[in-house]
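*Asks:* These are the residues of each chain, in order.
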Amino acid sequence: MSTSFWAWFGIASYIIIGIGIAILARRRMGAGISDFFLANRTLGGFVSCMTYSATTYSAFMMIGLAGLTYATGVGALGFELTYLAGIFMLVFFLPRFWLAGRKYGYVSPAELLTDRYQSRAVGATAAILALVFLVPYGAVQMMGVGYLMNGISGGAIPIFAGILISFACAIAWSRIAGMRSVAWTDAFQALVMIVTSAVILGVVVHYLGGFGSFFDKLESTVSGQLAVPTSRGAWSINMFIGLALPWLFFCISNPQVSQRLFVPKSVTAMKQMLGGFFIFGLIYTLIAVLWGFSAVLLVPGLEKADMATPALLSQPFIPVALVIIVMVGITAAAISTIDSILLTLSSMWARDIHRGLLNSEVSEARQLRIGQNWVIPIMAVIALIFAWWAAGKSGLSFMIAPLSSAASAGLLMAVPAIFGAFFWKRGTAAGALVSMIAGAVVVLVFQVTGLKPLGIWPGVWGAIVCTVLFFVISFVTKPPKEKAEEFTSYLKEKLTEGKFI
Amino acid sequence: MSKMGWVWIGFVFMLVVDAVIPWFALTHVQKMSGVFAFWLVWVVVAIAAAFVIVRNWREVK
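Chains S and Y, in that order, give the protein sequences.
Heads up: take any position in the first sequence, counting from 1, add 684, and you land on my numbering.
No gaps in the numbering here: position 9 of the second sequence is -5 in my numbering, and each next residue is one more.
Mixed in with the good hints, there may be bad ones.
As the list claims (entries may be wrong) - If the Cβ cut is set under 8 Å, some of the chain S residues that face chain Y in the computed set are:
hint, residue
1, V758
2, G762
3, L768
4, A911
5, F1082
6, E1181
Rather than coming from a laboratory, the hints here were simulated on the basis of the structure.
Even for Gly, the Cβ is constructed at its ideal location relative to N, Cα and C.
Given the sequences, and given the hints that come with them, work out the whole structure.
*Replies:* Structural data, given as structure tokens:
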């Protein structure tokens, strides 16, 4: 039977298993908004770790990062490991988010900003930032699935079919049982992702004669790709900072991951989540980069670098069964990210925009219905349209990795306000509001026009503007003294009790 | 300075090293033992530091 038949068979099996897990999760689901969006803050260490990993690591890794390595060399490793090192910041932020979430009942990360700055406009603005900038990030996941299925089936499965499959699964996973189904399917998907990708790497490296021979071949054939900047001119220091800066703060700026800081059931579960993620992230990053380098050796000269992984998987020495399993693994990686994004956006719309701005009296049941029935499908359709449009484009800006980083550049604009919420009592709502809006406008304008004044990338300009504005405007406006005092005093007491820093 | 302050300083130092060594010290080393190996060691140090800090965390009421 043909590869495309087995590809369809693999995808069908994956969908059936995923729906089964989601339905099982639904049986454990209780009532209420906290249960739907946060699994009632009762996830154990293993599931917390796996959902954090699967949400963070997406098609970006095995398609995007492998493609970026293929096109630009070793700088891609530094870029992604800078993100992983940025997770170090969770030694500060994880206990703070977790403690504040339990004490004040926050459901979305933007709700924390609303309460801390005593301003609904601040939370609503953070939610709008997420709605705008997470669309391209969700879309690149769909593109990744489309490229993968198209490449592996030799063109028999159109790119748009892959995009549609990921769209439908993400809607189903996130609607069936909210965070609980997303987290459980994420745990399943994370295991599939890492095991299958490691096996493929083993097969490829074995084919190339083992790691020693693999590295020797790289050094002799593409040595210019093993230093920065590369011999082809990629990875100037400005490119590195421009891509890595938004990525560095990903763990607090991207609400679909920072919302997961609310869900561990205990401090032990938090420790397992963080420790497990570090190990998962290091292994997965190495695998993705080595995939990219393998493709450089085995399938040089591809026109579209994001096709490096599909081209690698099409090599005749890789068994078809393994290719299908890994295709399912990468599809799982993409869908586990999209469904988490949809769930987070629906919670932010319901809590921070609908309740925060439009109707403060809206019931929890109505918020849930709005999130489930309207926001999830509408945002999925917008991401679908974006994916369809971007999949037809070419060039560095439309590669998966730079597009993902561009999305995070917009979300980066909430970072000064998040730092201020926890570490600076003098921070004000006006400072937070103006910094987010002005920073986002700078990023959007520079990204749309392609401007890079002084060679500096849009995210960096936006970060400079929003940080300066946050401090300056906070100094000349009045902070919510009482709330800031109460909030930080509570955290200080609990941080001491838990021996956090 | 508080313990938190020292940890922040250490983190910022790590970030500076992240850019300075590859772009200024290893830029002509075109081998796997160059930037590739540096970034691996660098991130392992960051992860180990996080593990040391997290190890002390205790349950809270």
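*Asks:* Would you mind marking each hint as holding or not holding in the structure?
*Replies:* Comparing the hints with the structure gives:
1. V758: Check passed: Cβ of S/V758 comes within 5 Å of chain Y, closer than 8 Å.
2. G762: 5 Å, holds
3. L768: 6 Å, holds
4. A911: Since the shortest Cβ distance to chain Y is 5 Å, the answer is holds.
5. F1082: 26 Å, violated
6. E1181: 5 Å, holds
Violated hint: 5 only; the structure is consistent with all others.
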